[in-house]
Amino acid sequence: LEGATGLYFPQSEYVETVYVGQLAGTPILQVHAMLDSDSERPRFYLCGINSLRRPAHSSWFNLDVNTGILSLNKTLEESDFAMLNRHSWPVKKLVLHAMVLPNLTKKSQCIKHSPRVTLDFVNASLPHCAQTDMKELCFSHRDTAIPHIMENRFPGALRQLRRLTRLHVCPNYTISYHVESDTPAPFAVDENTTELVVTAALDREESERYRLLLVCTVRTETLITKVETSLDVFVNDEDDNAPYVNGTDTADIIISFNRTKGGSFGTLFIFDRDLTPIFPIDQTHNRYVGTLLNKDPWIKETFDIKGSFSEMKAALGGIRETVHVYQLVLKRNLYVTENRTLQLDYLVNDITYPGLEGTVSLHFNVTILPVHMRFANITHMFTLTRRASLYAQVGRVCVENCQQFDGFRVTYRLELPDKNASADVQSCYSAISITQAEDEMWGLLYVNDTEALRRPECQDLQYLVVAQEEHTLLEASTQIHIILDAQANKASQGSQQSLSCAENRQRGDCESVRGLGATTGRCQWRQVTEKGISENYSTCSPDLRTCPDSFCDAVESKDSSICPQDCTKKSVIGGHERGLRNGIQAGHGTCYCISEKCFCEKEDVEEVICDDMCKTVIATA
Amino acid sequence: PRLLAKEVHLNVTDLGLGYQTKEELIFRYCSGPCVEAETNYDKILNNLTHNKKLDKDTPSRTCCRPISFDDDLSFLDDNVVYHTLKKHSARKCGCV
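Residue numbers (my numbering), protein chains in the order written: chain G, 1 to 621; chain S, 1 to 96.
Extracted from the complex, chain G is given alone in its bound form (with noise of 0.2 Å):
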């Protein structure tokens, strides 16, 4: 099989310059393969990447099977070129395949990461020594290919450092290569090849990158001539470092008012300093699998461990590891009675890493307590104008920690505290009545029958709330008390009727009118002067506590009158900003709505202010 050998190529890319009139015979580039033992000895093919007919020029030139040499196999004529260039071209791209493997073989198809060699081939002949710049005769401009190596492997050589196509340009010269690096680095220069050769073994947990330096140094009679240029040699990861814990391996788990499907718990924590790569996805290195070791159903069905990773670099030295996160999570709503302790094992398994110790197993203590329903132990009093409007909010009920619940609903409602009253006194309970958003645990009280609040013989009311769970239907209940104040305005007894307060544009006009949802009776005005598009805009509201706050709540959405400032899910005109859900985040000057329809504006007329000419005025008079 292939796979079973680590013979591969350094660089993905090799380039060099062809050029007309090359004789047959001259050596063009050299390819390395990094090797896994002594012993091995790679052989060097050139290939075609598909089945479909190989390239014409492809058979100008010849792989040394043992050497990696590539050199020509026919003089280059111009006619060479002429055959290639429909386009008139000066230089014509020439691509090739190598492969490498560990014996001979007669195949010819390509196999994975087979690298390219991209030759340029020049419609000149080849530049005179006289002609030739120093660095071009040191190193090629054009090669910009990065060596990678794998970590743990043999050492060996990985580049040819000396142009084989400029080898005899200048035959009075005599050039030589050597590497340095700032930090200690096991790289150097095979002086009778001129290959750059990897020394040691490299470690990646040690440095992922060596930075070195190549200079290149060119001996004429005359002179002595040093070209630089910089190489940054990768190191490749393997697995060769078990998981590990950095601190505990068990977390203690209470579950209590969060208890719904996909809420997570605990973190845990895994430590692994090999690299674990995302691209392509299909690759299996570095990568974990965890078994739920527990065999009881229940846990089964009620709980799973959800993991994931993420890279980071290591405080010491900024080597890149992998941080492994494991959490807790609930695979379904658990009742609100449910009430129980147990242990969740959970063992992680680094299937790649070949050593014994791959493995570490991670401890939930999970605690599961019983949601106690009930109701905070206060007197409920709510105060009311019999002025108020339909819809007026009254106040809010809650059992106690509803706002952390998650997972179950409760729901409300009103109950007469004495169910043998009269009927007279029955009707007097039509007054308020209780609402609730889908998602949202308060429940509102709010207005629900005007006439039956202004009678005078409705005294102040008490009603039982109770909250009810829906699943298990356990029930919780308060008594709650609604002072009206003693006197019901015989003014506003009359069947007026009640408008939106959001219509009105001025504070006057919005001040002396009646509004629906509006809890003294009267709409609200909010006077804001700040400049620009603003959260704070100046608008007519039946009660500046819940309208506008740029949330549609459960009375509000009773009627699209009642605060079409958060509630509107029509265009607004004007400048404005969006509400996330619906209604006016942030509005330009005043806002007012006609109907569902709302208008943003800034009044031209601008406020009388006394300057210091008025003041003068004022003054003399």
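Hints may contain errors.
[What the hints assert, rightly or not] What follows is a set of in silico ranges between Cβ atoms, one per label pair, in the way DEER data are often shown:
id, chain 1, residue 1, chain 2, residue 2, range
1, G, ASN50, S, PHE69, 47 to 57 Å
2, G, GLY263, S, ASP72, 48 to 58 Å
3, S, LYS87, G, ALA423, 51 to 61 Å
[Stated by the list, open to error] Quick list of in silico lysine-lysine cross-link-like pairs, PhoX-like style, CA-CA up to 25 Å:
id, chain 1, residue 1, chain 2, residue 2
4, S, LYS53, S, LYS43
5, G, LYS597, G, LYS531
6, G, LYS300, G, LYS331
7, G, LYS570, S, LYS87
8, G, LYS226, G, LYS135
9, G, LYS597, S, LYS87
10, G, LYS92, G, LYS135
11, G, LYS300, G, LYS261
12, G, LYS602, S, LYS22
13, G, LYS135, G, LYS93
14, G, LYS112, G, LYS93
15, G, LYS597, S, LYS86
16, G, LYS602, G, LYS570
17, G, LYS570, S, LYS86
18, G, LYS531, S, LYS22
19, G, LYS306, G, LYS295
20, G, LYS531, S, LYS86
21, G, LYS74, G, LYS92
22, G, LYS93, G, LYS74
23, S, LYS86, S, LYS6
24, G, LYS558, G, LYS569
25, G, LYS569, S, LYS86
26, S, LYS87, G, LYS602
27, S, LYS43, S, LYS56
28, G, LYS306, G, LYS261
29, S, LYS86, G, LYS602
30, S, LYS22, S, LYS87
31, S, LYS6, S, LYS87
32, G, LYS295, G, LYS261
33, S, LYS87, G, LYS569
34, G, LYS531, G, LYS419
35, G, LYS602, G, LYS569
[As the list claims (entries may be wrong)] Facing chain G, from chain S, some residues (calculated, C-beta under 8 Å):
id, residue
36, GLY16
37, GLY18
38, LYS86
Treat the hints as calculated values from the structure; they're not laboratory data. Please read all numbers here as calculations on a predicted model, not as lab measurements. We put the CB at the ideal spot given by N, CA and C, even for glycine.
Using the hints provided, position chain S relative to the given structure of chain G.
For chain S alone, kept in the frame of chain G given last:
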């Protein structure tokens, strides 16, 4: 003659909508006389108003208004928030 929308090059801040931005736009508006489009209805209204037969009422006359609007305009404000203006500029005008 067909009424043509006139155009003027403005900064978005000139629109007075409160947006703070450096973006600009071409604003097109309708203006022009609509005498040619008037009917007997308009003549009667004119006469009644002139003779003060209609108390305080002054019913609207034919006027030059957009009959279709330009495409929406989107811009980024100084706080890097996007806004989109709809029906803000005239594409075609007519006497209505």
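Non-conforming hints, listed in increasing numerical order: 2 and 34
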